[in-house]
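Given the coordinates of chain G, work out where chain B should sit on it, guided by the hints.
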Amino acid sequence: MSDIKTSMFSRSSLRAYIMIVVLALIWIYFHWATNSIFLTPRNLSNLMTQMSVTGVLAVGMLMVIVSGNIDLSVGSVLGFAGGIAAFALNDLGYSLPIAIVLAIVVAVAIGVFQGALTAYLSIPAFIVTLGGLLAWRGGVKWLLGGNTIGLSDETFKAIGQNNIPLNVGWALAAVAILFVLFMAYRSARSVKDYGLGEVNYTGEFLKTIIPVGGIIVFIWVMNAYQGVPIPVLILVVVALIGAFITTSTTFGRYLYAIGGNADAARLSGINNKRNILKVYGILGALTGVAALIFTARVGSAAPDAGVLKELDAIAACVIGGASLMGGRGTVFGACLGALIMASLDNGMSLLNVSDFMQDIIKGSILVAAVGLDMVGKKQS
Amino acid sequence: MSLLEMKDIVKEFPGVRALDGVSFTLEKGEFHSLVGENGAGKSTLMKVLSGVYPAGTYEGDILINSEPRHFRNIRDSENAGVAIIFQELSLVKELTVGENIFLGQEPARLGIINWTELYHRASKLLSDLHLEIDPREQVGNLGIGQQQLVEIAKALSKNASILVLDEPTAALTESEVETLFIILRKLKSRDVGMIYISHKLDEVFEMSDRITVLRDGKTVGTQPASELTKDQVIAQMVGREVGDIFPKSKHELGDVALEVKDLTVYSPDVADKKLVDNISFSVRKGEVLGIAGLMGAGRTELLMAIFGAWQGKYHREIFVEGKPVSITSPLGAIEHKIGFVTEDRKRFGLILPQTILDNMTLAGLRSISGKFLTNRTRETIAANGPMKSLRIKANSPLTITGTLSGGNQQKVVLGKWLLTGPKILFLDEPTRGIDVGAKQEIYTEINKLAEQGMAIVLVSSELPEVLGLSDRVIVLHEGKMTGEFTRADATPERVMHAATGSA
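Here the protein sequences come in this chain order: G and B. When we follow the numbering used here, the leftmost residue of the first sequence carries the number 1, and every step to the right adds one. When we follow the numbering used here, the leftmost residue of the second sequence carries the number 1, and every step to the right adds one.
These are computed hints drawn from the structure, not numbers from a lab. These numbers come from a predicted model, not from an experiment. Be aware that a few hints might be false.
Straight-line C-alpha distance at most 25 Å; calculated BS3-like pairs for lysine-lysine [as the list claims (entries may be wrong)]:
(1) B:Lys273 x B:Lys250
(2) B:Lys274 x B:Lys313
(3) B:Lys158 x B:Lys188
(4) B:Lys448 x B:Lys337
(5) G:Lys273 x B:Lys337
(6) B:Lys371 x G:Lys278
(7) B:Lys480 x B:Lys261
(8) G:Lys273 x B:Lys371
(9) B:Lys423 x B:Lys448
(10) B:Lys388 x G:Lys192
(11) B:Lys388 x B:Lys337
(12) B:Lys439 x B:Lys423
(13) B:Lys28 x B:Lys186
(14) B:Lys393 x B:Lys439
(15) B:Lys346 x G:Lys273
(16) B:Lys273 x B:Lys200
(17) G:Lys192 x B:Lys371
(18) B:Lys7 x B:Lys218
(19) B:Lys480 x B:Lys273
(20) B:Lys218 x B:Lys371
(21) G:Lys273 x B:Lys313
So here's chain G without its partners, still in its complex pose (with noise of 0.2 Å):
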C-alpha cells in the first residue's frame, strides 16, 4: 500500500506540492483579507460543505477524464436526477429509500446510456454529452414543470443540511486511524512475505504521522463548531473509493492505460469499450449522489439546479493537474482542485468581490494552472 502511494505521488508529486503551497497561499491571504474570518472552524466547515458537490463529481469526472473522455452532462443530469427524487416523494409519495436509490438509478442508467453511445458507436464523448447537457436540462424542466418543488422530508434535508454528532466523529476518526495504521502494517508486513528486505517498522510508523494528524486536526476543526457536515462525509467518502478505485484495481490501471495510449490497451488485451461504459456508470452513480446532496442542501428541486457545476468538476480536474489528453490524474488532485475553487468563491464572498469579477478572477486561475505546468513541462 505504502509503495502503491509512493509511485502514485511520485508521478505527479511536483504538481500536487505545488498546488498544496498554493491553497495555502490562498488561505492565508483570505484568512489576512478577511480580518481573521477565513481560517475560523465555523467559515472552514462551510467551505466543505460548499466544496462537496463539486468533489462528488469532480472524482468521477477525474476517472471519466483519466480514460481520455470527457462528460459535459453531469451539471443537467444532476438537475434531472435531484428532480426525479423529489418528484418521486412530492407528487408520487414514494418513501425517502425509494426516492434515494431512483435518483441514483436513473442517473446510472444515463451514464451507462451515454457511456454506450460513445464507447459502441464511436460518437465523441464531447458530441453525446453536449446532447446530454441539454436533453437532460429540458428533461428536469419538463418534469418539474417548470417549477421549483419544496422539500417537506426533514430526513431527506438532513442529508445536505446535518451534522454528525461530535463523538461519532471522534468514533469514525479512531477507526480511520486504526485502519491507517493497519495499512502500514500489512505494507511493511508485505515487505517480509515477499522477501524484499528487511522490514521497517519505524520508517511505515513515521510515514503514518501526516495521515493520522490530518485525521485529528480535521475531526477537531469539524468538532469545534458543529461537527462534521453530512455532505463532508459523503465527499470523504467517496474520495477514498475513488482513490482505492484508480490506484489499486485493475479497473483503474486500465483507465490510465487507455486514456495514455488506446491502442496500447486494446493491442495488451483491455476491452476499452467494456471500460468506457463503465467509468461512466461510474460517474452516474456518483451524480446521482452528488444530485441526492444538492437537492437536500437547497431543500428543493429547481429546474436549474446544477447549471454548470460540469465545468467546476472539469476545472477542479484540470487545476489537480488531469490531462484532458487522458492517462493523467488523481483523485486526490482533483479534490484539491475543488478545494481550491471553493476557497476561492468563499474568500471572495467574504470579500464582498462582486459577480462578475469572482468568474473573471476563476477563469484566469484555471488558465494559469495550465499554463503554469504547460511552461514547467517545456522547461523540464
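Only chain B this time, still in chain G's reference frame:
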C-alpha cells in the same frame, strides 16, 4: 546536361549513416527506378531532394539543370519543379478534387477565391491527363487509385519537371496500375523526369529506362534496364553476407503449437481489397517461423488477424495444440497463451508516460495481481524478472518508459508479453530502430525462448534477421504466400525473388 544531378550525398542520423556518398542523375523524359531493401536509403534520398531534410543537414550537391540548389523546405523544391507523391496520400479527403489540386495556390484576388477559374483549370488539367474525374467531387468519395491520380494532377499543376513516385502502386488494383502507367508514359513524352521507387520488379522493368540499386546507404550501381535481369537486380539488392551476429542455436521441434487455416484479411478502407489472401501455415513448439516480405505484403495484418486485433473484416480457422479455438479479441488470444510483441512500440506497444512497471504488467495484470485488485508488491516482483533477464538498463521499475532508449523500450514490450506466460509468441519487427548491441540481446533471447519450447512467429523487414533466426521461412507478396523455405534452402536471393513476386 542532366535534368537532375545529386552528387555524393551523405546524410547522418545519430549513430547511423543513412546515405553514404550516393550519386544519382535523372535526364529529361527519363523513367529512372530506385530499388533496394527496406532501409536501404531510398526514402532518405528523396527527402533530401525534396527539402524535407533542409540544405545543411546533409553533405553533397544537388544540381537542377546544372544549377546548384539549396532547398530549405518542401516549398523551395516545389518551386524548382520537384514534386513528390508519397506512399501515404497527402490529400484532404473532405475537400473537392479541384480544391485539393490548388491547395495553397488557389487562383485568388485579395484572398477571395475565383472558383470559376479554379474549377476550369482543374478540369483542363484532368482532361489533359485523360482522367474522367469530376473536379467538384469530394476526394474522400474517390477510390485510392483515383486519389493517386489526383495527386499526380496536383503535382503537375505546380509545373513539376521532376516527379518522384514512392510506391505509388501499393494500394492500386491492376487496372488502376495500367491507367497510371499510361499517364506516366504521357508525362515522359512531355519531358518530365520520373524517379520511381518500388518493390515490384515487374513494374520496374516494364517502365524503366535506368535502374539504380541502393544498399545500406550506398549506390550499388546504375544501369540501363535493358542491360539488367531481375536476378542481377536482386543479387545487387541483397549482396551481403548474413553476419555472425546471429548466435547459432539448435531448436528441438515439438508438436504443432499453432495452426492457421485459410486466413484472409480485408482492408478496412477499401471494400473487398484483400491484404492477406487465403494463407495457411503452422508453427511447432520450439520453432522460429520467419515471415518475410516487403512493405505492404500483409505480414502485420496477418498477425493482427490471428490475434483478434484487426479492425476490419477477416476470417480464418485457428488450432492451438491441435484443438480448434475461437479468438475474437486480444484477450482471447492471451487466454490461449498467445503473445504479440507489436511493431511500432511507441504507437502500439507502450504507454510512454507511464513507468516500466505499469507497462510491463499491463497485459498480464489479471494473472499477476488478481482479477479485480492490483497488488503492487507482486507486480514489482513480476516485473523484476524480465528487468533482470532482459537486462533492461533503468534505475528502477518505476522509471518512466519514455525516458528509455529504443532498445530498452523494446525490451519492456517483450517483457510485457513474457509476463503473460505465452506458449506462442508473435514478434513484429522486434529490432526496428534499435542499436546493434540491443539487437543481439534480443536475438539471444529469441533463441533462448525457442529452446525452452516456445513457438515463435517472427516478422522482420531485415532479411538477414529472418534468415539468421528462423528454422523455416514463409514469404508473402501482396498478401499471397509466394514461397516457403527451410533454413538450409532460404538464401537471400530465393527469398527476395519470392518477396518481389518474381519467382
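Worksheet item: Any hints this thing doesn't respect? Which numbers, in order?
Response: 1 and 20
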